[in-house]
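Participant: In order, the protein sequences belong to chains A and B.
No gaps in the numbering here: position 630 of the first sequence is 630 in UniProt numbering, and each next residue is one more.
No gaps in the numbering here: position 199 of the second sequence is 199 in UniProt numbering, and each next residue is one more.
These aren't lab readings, by the way, just hints derived from the structure by calculation.
All C-beta atoms in this analysis are idealised placements derived from N, C-alpha and C, irrespective of residue type, glycine included.
All clues given are correct.
Each pair of labels, with its calculated beta carbon distance range:
1. B:T311 to A:D471: 52 to 62 angstroms
2. B:D295 to A:E609: 56 to 66 angstroms
3. A:D471 to B:D232: 52 to 62 angstroms
4. A:T256 to B:T311: 17 to 27 angstroms
5. A:D471 to B:N5: 33 to 43 angstroms
6. B:T311 to A:S184: 17 to 27 angstroms
7. A:S620 to B:R121: 52 to 62 angstroms
Now for the letters of each chain:
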Amino acid sequence: MTTDELIWRIAGGSGDGIDSTSQNFATALMRSGLDVFTHRHYPSRIRGGHTYVEIRAAGHEVQSRGDGYNFLLALGDSFARNPQDDAYYGNEELKPLSENLDELNEGGVIVYDEGLLDDEDVAEIDLEERAEENGWHVYPVDLRGLAKEHGREVMRNTAGVGITAGLIDMDIEHIEDLMEDAMSGDVLEANLEILREAYGMVDEFDTTHELTVPTGAHDTGQALLSGSNAIAYGAIDAGCRFISGYPMTPWTDVFTILSQNFPDMGGVAEQVEDEIAAAALAVGASHAGAKAMSGSSGGGFALMSEPLGLAEMTETPIVLLESMRAGPSTGMPTKPEQGDLEHVLYTSQGDSSRVVFAPGNVEEAYEQTRLAFEIAYDYQIPTILIYDQKLSGENTNVDVEFFDREPAPDLGSTLTEDELKEAAHDASGKFERFSYDGEDGVSPRSIPGQKGGRFLATGNEHTPSGHISEDADNRVLQMNRRLEKLDVIREELDEGETNQTYVGPDDADYGLITWGSSQGAVFEAVDRMNDAGHSIKAVSVSDMMPLAESELVAFIESVDEAMVIEMNATAQFRGLIQKELGRYGEKLTSLLKYNGNPFEPAEIVESCEIRLDGGAGEPSAQVRIEPAAGD
Amino acid sequence: MSAFNAIGDDREIDRDEYTPEVEPQPTWCPGCGDFSVLKALKQALPEVGRTPDETLLVTGIGCSGKLSSYLDSYGFHSIHGRSLPVARAAKLANPELQVIAAGGDGDGYGIGGNHFIHSARENHDITYIVFNNEVFGLTKGQTSPTSPKGHKSKTQPSGSAKDPLRPLSLGLNAGASYVARTAAVNPNQAKEILVEAMEHDGFSHVDFLTQCPTWNKDARQYVPYVDVQESDDYDFDVTDRREAADMMYETESALYEGTVLTGRYYVDEERPSYQEEKRAVGELPDEPVAERYFDEDAEWERSYDLLERHT
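Pulled out of the complex, with its shape left as it was, chain A reads as follows (with noise of 0.2 angstroms):
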C-alpha cells in the first residue's frame, strides 16, 4: 500500500452526521497543509442506508478520489436500529462495515463502533480471516459507550475522528478549532472531551499498522469547496443576480447556496412549480435587465428545452447548468454520469445556437461560469454549463488567492438609453432590436422601461424590428446572423486563454481525450503512465459547443492512437468529436464506466495498458473499451 497518501472513509447512515464530520475533517487536513480531494456515496434516501465520503489527503497534489482506500471509519447505521425502519429495509447495521471492505486496500485500518455493531454480526462477515488475508489492521472501539459517557450517542463521530487521528498520529489541534468555530457550550465541551479521551485511548492499544498522516506542502491559504461552490461563486462574481429552479438532485446545491446568498446581495432568488417555468422566468429577467441563470438535471433540463429554444430564438443572454446524475429517466439519482451531452447539446427543436461548456475541476468550474456569462451577454445567446454529480459534491482545496479577481457584472451587449437615442430607428419609431450591421452577429438590445428602446421580442422568426415573419429572405438572413455568432464565439474563444487542459509530453504518441468530471482520474493515470516509462499525453476539453475543433485536430494528428475516456455507455464525446471533424473514426477508440462510480485512476491504467499492448485482454474493471471503426 501507499503510504504517503492517506485514504480516510467514513461509512455510517444517512443522516448520522457523516457529511459534516467528514468535512470537518477535511478542512482539518488541509489546514495541517495537505491536499485533499472527497468522494460522496449516497443513497437516494433521508435517513439510514449505507453512505460514506472518502477523504484522500497527500502531500503532493491529489486530482482524483485515487484507488480503493485506506483507512475504514465505520460507525453502524444508526436508523437501522430504528424498530419501524425494520419493516422497510431490514437490518443494516453492519453494513457500513461490510458494504466497504472490498475496496479497503491491503494492508489497510479499520475502525469500527463496538458499541454499535454486534460481535456475533462481525464474525457472520468472517472479518478475521479476510483481514488475515489482506493484512488489515482491526481495532474495534466502543464509540457509542465513549460518546454516550460524555455527551450524547450521535457524538460518535467525534470519537471515530479522535480514534483516527490517534491512530495515524495526527495533530488535533485543527480538528479542536474547528469543534470551536462550530460549536459553543455544554454540546463543545462534550466533543472536545470526547475528541481528547479518544485520541488518548489509542496510547493503549496494541498497534501494528505503518499508516501515518502525510506531511503537508501548502504555505498559502486553501478554501475547500465543491463544484457547486465554485459555480455559485463564479455565478456571483460574474454579476449573476437572478437563480430561478426546481429541486433536482445534484442541481440542487448551487440552487441553494445562491438561494442563501441574494438576499443579501440585492438578488432575487425563486423557487417555482416546475423547470419549464425556471427556465422561462430566467428568460423573462433576462429581457427585463438582470443577469439571469437557472438550471437542473436530467429529467428537468430535458423540461427547459422549449423556453431554452425560446432564448436562441429571441437571443436572450440566460446561462442554465446541467448537473449531470446516470439515466435515462431518473435513473440513478445520486450516482455521476456523463451521459446528457447529446441531449444538452442538441435539445429544442431547430438549428441549435448555444454555447456548451463543461468544467473539469472546481477551480474551472468557477472560471467557465465566470465566462459562460460573458459570453451570453456579449453575444445574447443562451450558454449551458454540463457537469456531474461527482463535480457536484467533491470537495477539492483551492489556493484562495484563486478567487481575488474583480466582480464583472457588465450586460454586454446592452444600450443605455443614451447608446439608444443614437441606435438607427425605422420609421415607426421602433427600435431595430434584430438589425444587423455584418460585424459579429450580435444586435445590441434594449431593456423594458428604457425609453426609446420599443421592440417586440418573439419565439417565432421575425424581422429586423421584431415582427412575425415568414419572408424567406428574412429567414435566410436572421438564421445566418443567429448562426454566425457560433463562429465568432469560437473564434474568441480560440484566442482567449485556453479552456482545453494538457498534461504529458508534448511528443507523446499516445493520447487520451477526456472531458468533466473525468479528468482528474485522467490526469492522474497519465502521471502514473510516465512515471512507468510510458508515454503518454491527455487533453481535457471544455469547450464542447462550439467544439475546440483546431485544438482536437492538432491533438489527434500528434498522435497514434487517441483514448476517449468517458462515463456513458454510448460515447457521446467521442460521437461528437467525429461528427464535428468529420473524420479520425478509425483513430479513436473508447473508454467507457457506467455503474454509477467514477473512474478510478487504475481503471484507466490497466485499460490504456490493454491498448498499448495491441488490444488484446478485456479489463478487469466495470468499464468497456469501444474500439475504433473498422478495428
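Given the structure of chain A, go ahead and fit chain B onto it with the hints provided.
Facilitator: Okay, now just chain B, sitting in the frame of chain A:
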C-alpha cells in the same frame, strides 16, 4: 433612475401611442373577438397612466399570442402556455414595469394551467388576460379546456366527454386577488375592468370572452350579456370570498345554459402582492435588480468575501 427614464414618465398619454405606425397586417379573422381585447387595452393603458415604454406585454401562442404584435409597447411573444413565468420574472427583475400577460384558453388553462395556478397562488403583481373563445383557434378548431361538454371538433368527433374547466373558480381558489370576466361584446365594461385589473396590486385575472367566428360558429356570441354589477338580480359582496365563489359557480354554469354573466367577481385589496411579501421577508431588494446593472457606482459583492467558511 437614469437607466429607465420611461418609468414614471408623468404626462398625458394618447391611446394612438399604442398603435404601431407601421401596423402589421392583423392575422385575426374578420369579426374576431380579439380585436376588442386590443381596443380595450389601448383604451385602458392611458387611463392607468402607463406609457408604451414602461409597459411590457407578454403573450403566449395562438391567435391571442399575436396581441403583442399589434400593441406598440415593449412586447414578448413567448411560447405556448409560458407567458406567465416570463412575465413574473420580468416583474421581479423590475417591479416598476407595468407587466401584462395574455394568452388563450388552450394556452392559459391547458398547457399553461400549472403556471396559472401558481401565479395566482403567489399573487404576483401582474395582470393576466385570458382570451376565452372555448376553442383552439390557430390550430384549426379543436376542443379546448373551456369547450362545453359535447363540443364536436375534428379531434373529438363524437363530442367532448369532458366537463369544461371553470376558470373563475380556479383563479379564485388558487389565490388570485382580483378575478373578473368580461366580453368582447361589452367594450365599456371591458375597458373598465382592464383599468381596475392593471391598477390592482396583486394577481388580477381577467377571463375575456372572445367570439371565434371561424371555428366556434355554434357558440353563442355572448349576447345578450348581463353585467352582474349593473343588474338588480345579483347582489353579492365582491370582497367576500364565499359569495364570490357562489356567483362564479353560477356564472360558469350559466355560460353553458345560454346566459352570459360578466363583471367583477372577487376583489381583495387587503392581500399583499407577492412582491410585497417577498420584500417583507428580505428576498426582494427595494431597488429593482435591473437598475443596478446601469448604475456605475453600484457595489458588487464578491465571492472572495464568502470564502472564510471554506478555510
